[in-house]
Amino acid sequence: DPKIIQKPKYLVAVTGSEKILICEQYLGHNAMYWYRQSAKKPLEFMFSYSYQKLMDNQTASSRFQPQSSKKNHLDLQITALKPDDSATYFCASSQGTASAETLYFGSGTRLTVL
Amino acid sequence: GEQVEQLPSSLIVQEGASVLINCSYTDSASVYFPWYKQEPGKRLQFIIDIRSNMERKQTQRLTLLFDKKTKHLSLHITATQPGDSAIYFCSANMNYNQGKLIFGQGTKLSIKP
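Chains L and F supply the protein sequences, listed in that same order. Just so we're aligned, residue 26 is where the first sequence starts under the numbering used here, counting upward by one. Just so we're aligned, residue 1300 is where the second sequence starts under the numbering used here, counting upward by one.
Note that these hints are calculated values from the structure, not bench results. All values derive from a computational prediction rather than experimental measurement. Please note that a few of the clues may not be correct.
Unchecked claim - Below, simulated EDC-like cross-link-like pairs (lysine to aspartate or glutamate); rule was C-alpha separation at most 16 Å, straight line:
{"#": "1", "chain 1": "L", "residue 1": "Lys65", "chain 2": "F", "residue 2": "Glu1304"}
{"#": "2", "chain 1": "L", "residue 1": "Lys66", "chain 2": "F", "residue 2": "Glu1304"}
{"#": "3", "chain 1": "F", "residue 1": "Lys1356", "chain 2": "F", "residue 2": "Asp1366"}
{"#": "4", "chain 1": "L", "residue 1": "Lys66", "chain 2": "F", "residue 2": "Glu1301"}
{"#": "5", "chain 1": "F", "residue 1": "Lys1407", "chain 2": "F", "residue 2": "Glu1304"}
{"#": "6", "chain 1": "L", "residue 1": "Lys34", "chain 2": "L", "residue 2": "Asp100"}
{"#": "7", "chain 1": "F", "residue 1": "Lys1407", "chain 2": "F", "residue 2": "Asp1383"}
{"#": "8", "chain 1": "L", "residue 1": "Lys95", "chain 2": "L", "residue 2": "Glu49"}
{"#": "9", "chain 1": "F", "residue 1": "Lys1367", "chain 2": "F", "residue 2": "Asp1348"}
What the hints assert, rightly or not - Examples of chain L residues toward chain F, derived with CB under 10 Å:
{"#": "10", "residue": "Leu68"}
{"#": "11", "residue": "Glu69"}
{"#": "12", "residue": "Gln83"}
For each residue, glycine too, the CB sits at the ideal point set by N, CA and C.
With the hints as extra help, turn the sequences into a complete structure.
What follows is the structure, encoded as C-alpha cells:
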C-alpha cells in the first residue's frame, strides 16, 4: 500500500519538450524531496521543501522547477528536456527536516529523453 | 563536499551465508547514516540507521557498526535469504543539511538459493 505516489511510472519525451512529474504523499509529513538516479551517478539530491517552502536546491539548472500546490504535493517540472535528463526521479518525504529524519521514498518515475 | 563510497560494488553469496558491506565517508560533519535497500524496479526501503554518537545498532539479522575515527561503517547481514537480493545503499547526512542525503554507489547483493 504505497503512501508516496509518483506518476507516471514511465515517461518518454522528446528533446526540447516539457514534462511534469507528479508526487503525492499520504504520510502526513511536512517535508518533501526530489532525488535523481541515473546510470552514471549515485542517487543525488535535487530539492528539499518544508511546509511548501524551498529549503535547499542542489540543481544547477533552472530547467528543473519544483511546484508545491499543497503540503502533501511536490511536483517536478522539467523544461527544455535533454537526453542527459534521462534518469529515474524519486520523490521522498520525512516528518520534519532535522538531520536525523528518516526519508521515505516513492517508487520513482523513469524518464527517457530521446 | 561529502563523498560516500561503498565496497564491494557487487556480491554473490549462497543462501544462509553472512555478508559484509563497507561504507566510508569523508566529511566529519556527517552525523546520521541511514541505509536503504532497493529491489529491482521498486522504491528505496529504509532498513537501518545509526547516529554518530553510537557505535553499533542491531535489528533482526542486520548489524550496523560505526567508527567515527576512521569514518567507516559496515553493514553485516546474517543468515541471508533470497529476499535479501537487492541493491544496498549507504548514505550520510550532515548536521546542518535538511534531508539532503549523500548516497554511495550501492552494493548489489545476489543470494543464490
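Hints versus structure:
1. L:Lys65 with F:Glu1304: Roughly 15 Å between the alpha carbons, so the hint for L:Lys65 and F:Glu1304 holds.
2. L:Lys66 with F:Glu1304: holds (12 Å)
3. F:Lys1356 with F:Asp1366: Between F:Lys1356 and F:Asp1366 the Cα gap is close to 12 Å, so the pair holds against 16 Å.
4. L:Lys66 with F:Glu1301: Roughly 15 Å separates the two Cα atoms, so the pair holds.
5. F:Lys1407 with F:Glu1304: holds (14 Å)
6. L:Lys34 with L:Asp100: holds (14 Å)
7. F:Lys1407 with F:Asp1383: The hint holds at about 10 Å.
8. L:Lys95 with L:Glu49: holds (9 Å)
9. F:Lys1367 with F:Asp1348: Distance ~14 Å between F:Lys1367 and F:Asp1348 Cα, so the pair holds.
10. Leu68: holds (4 Å)
11. Glu69: holds (7 Å)
12. Gln83: Interface hint status for L:Gln83: holds (7 Å vs cutoff 10 Å).
Checked against the numbered hints above, the structure breaks none of them.
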